[in-house]
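Below, each chain spelled out in residue letters.
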Amino acid sequence: MHLTIAKVDQTLFAGDVASVTLPGSSGELTVLPHHAPLITALKAGDITVRLPAQAGSERGESQKFEIERGLLEVNSQGATVLL
Amino acid sequence: MAALKQIKQKIRATDKTRQVTRAMEAVSAVKMRKAQGAALTSRPYARAALSILKRVSASFDVKNHPLVAPRSVKNTCVFLITSDKGLAGNLNSGVLRAMNNALRERSLTPSNTTFITIGRRGNEYVTRRGFSVLEHHENHDDKVRSDQMHSVINTIVSRYTEGAFDAVFVVYMNFLSTFEQRPTIRQMLPLSVEELEHVVGDIRPAKGMFAEVSAGDARANAPYILEPNPEAVFATLLPDLLSIQAYHALLEAKASEHSARMVAMKSASDKAGERVREFTLEFNKARQAVITREVSEITGGIEAMAQ
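The listed protein sequences correspond, in order, to chains A and B. Each residue of the first sequence is one higher than the last, beginning at 1 in our numbering. Each residue of the second sequence is one higher than the last, beginning at 1 in our numbering.
No false leads were slipped in.
Computed spacing ranges between beta-carbons, pair by pair: (1) Glu194/B with Lys64/A: 34 to 44 Å; (2) Lys10/B with Ala14/A: 48 to 58 Å; (3) Gly27/A with Ala102/B: 45 to 55 Å; (4) Ala14/A with Lys54/B: 20 to 30 Å; (5) Arg97/B with Ala18/A: 52 to 62 Å.
Read the hints as simulated data drawn from the structure, not as lab findings. For every residue, glycine included, the Cβ atom is placed at its ideal position computed from N, Cα and C.
Can you build the whole structure from these sequences, using the hints too?
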């Protein structure tokens with residue numbers, strides 16, 4: 001699944017991920033590939049991005065981003081987080 | 001000879017000027033390319049924000065939101081973007097002239113208009129004319145500073161909500177190509193969807209290296225889930241939409257400033273080169289005149305002695 005995390009003046013993350021966990025306004029949610037199209041507001045918290053597993057390891061590495069607020073859009077092409 | 005020495009000094013001075021203007025031209029060219037490149041990074045963001053806006057506006061009426069609904073205009077705020085420094089041809093005068101026309105058309109006077117300015121030139125201009133300036137930022141960085149942008153947006157949104165003004169316009173130099181910039185006036189608030197689409201469509205210049213064939217949005221029109229509800233999503237989206245507008249205007253202004261300066265410096269260098277050639281010609285003529293005079297003096301002397 002392709003994920004883009006962007007501020008208006010810079011792109012913080014762009015690439016393929018296995019899953020992403022976000023602080024949704026009505027509770028934490030995790031988006032996996034082939035998620036239904038969704039738009040939701042995000043509240044302050046951490047976004048955890050799990051990268052696809054490399055050959056030889058069971059789980060991919062993960063990255064964390066701290067956010068104040070934001071918006072998440074998920075569609076068939078992937079997910080976009082606007083901060 | 002005094003005249004010869006003077007001309008020689010002039011040649012040297014003009015040549016030095018040309019070196020300086022050439023260097024400034026090269027620097028501006030690089031900065032211009034950077035500013036254009038920065039427009040690339042905001043593109044996916046703007047696209048996603050617009051697509052969200054479309055989904056939201058399909059499912060509830062955004063027209064009644066306080067920041068969208070038009071109200072009768074008593075006071076106006078103008079967000080004016082100019083450069084801090086000159087030597088950029090008619091960049092700032094072009095922006096200020098367009099702004100003046102707009103002020104006259106809408107009969108805006110110091111009594112019903114406040115300004116938010118970025119860039120010293122514009123700030124000095126409006127202060128001299130008796131307008132009050134709500135907020136001023138300098139514009140000497142080569143990059144667009146996001147803290148400036150957020151501060152401006154926060155001021156605009158809070159004052160607009162309080163009712164301090166009923167319409168907000170942004171005035172800046174739009175970058176069309178290296179040789180063509182056009183002063184542009186756009187409405188920021190009340191927010192209009194058409195205006196935003198315009199901005200996003202304009203994000204890349206029409207011509208040149210960053211021009212792009214507009215890619216059609218081929219996304220399937222799948223029904224979206226809007227969490228928690230369309231209104232909340234729209235409220236979160238609003239500041240993003242405004243920052244897209246502001247960021248884009250700042251970026252355009254930057255690219256315009258650098259390209260205008262590059263062109264101005266190029267013509268300055270050309271002119272200096274031309275002057276150096278003229279002076280050299282003059283110098284050669286003067287030198288030849290001195291030689292001719294000396295030779296005729298000598299031959300005259302010989303003639304006199306022979307007699």
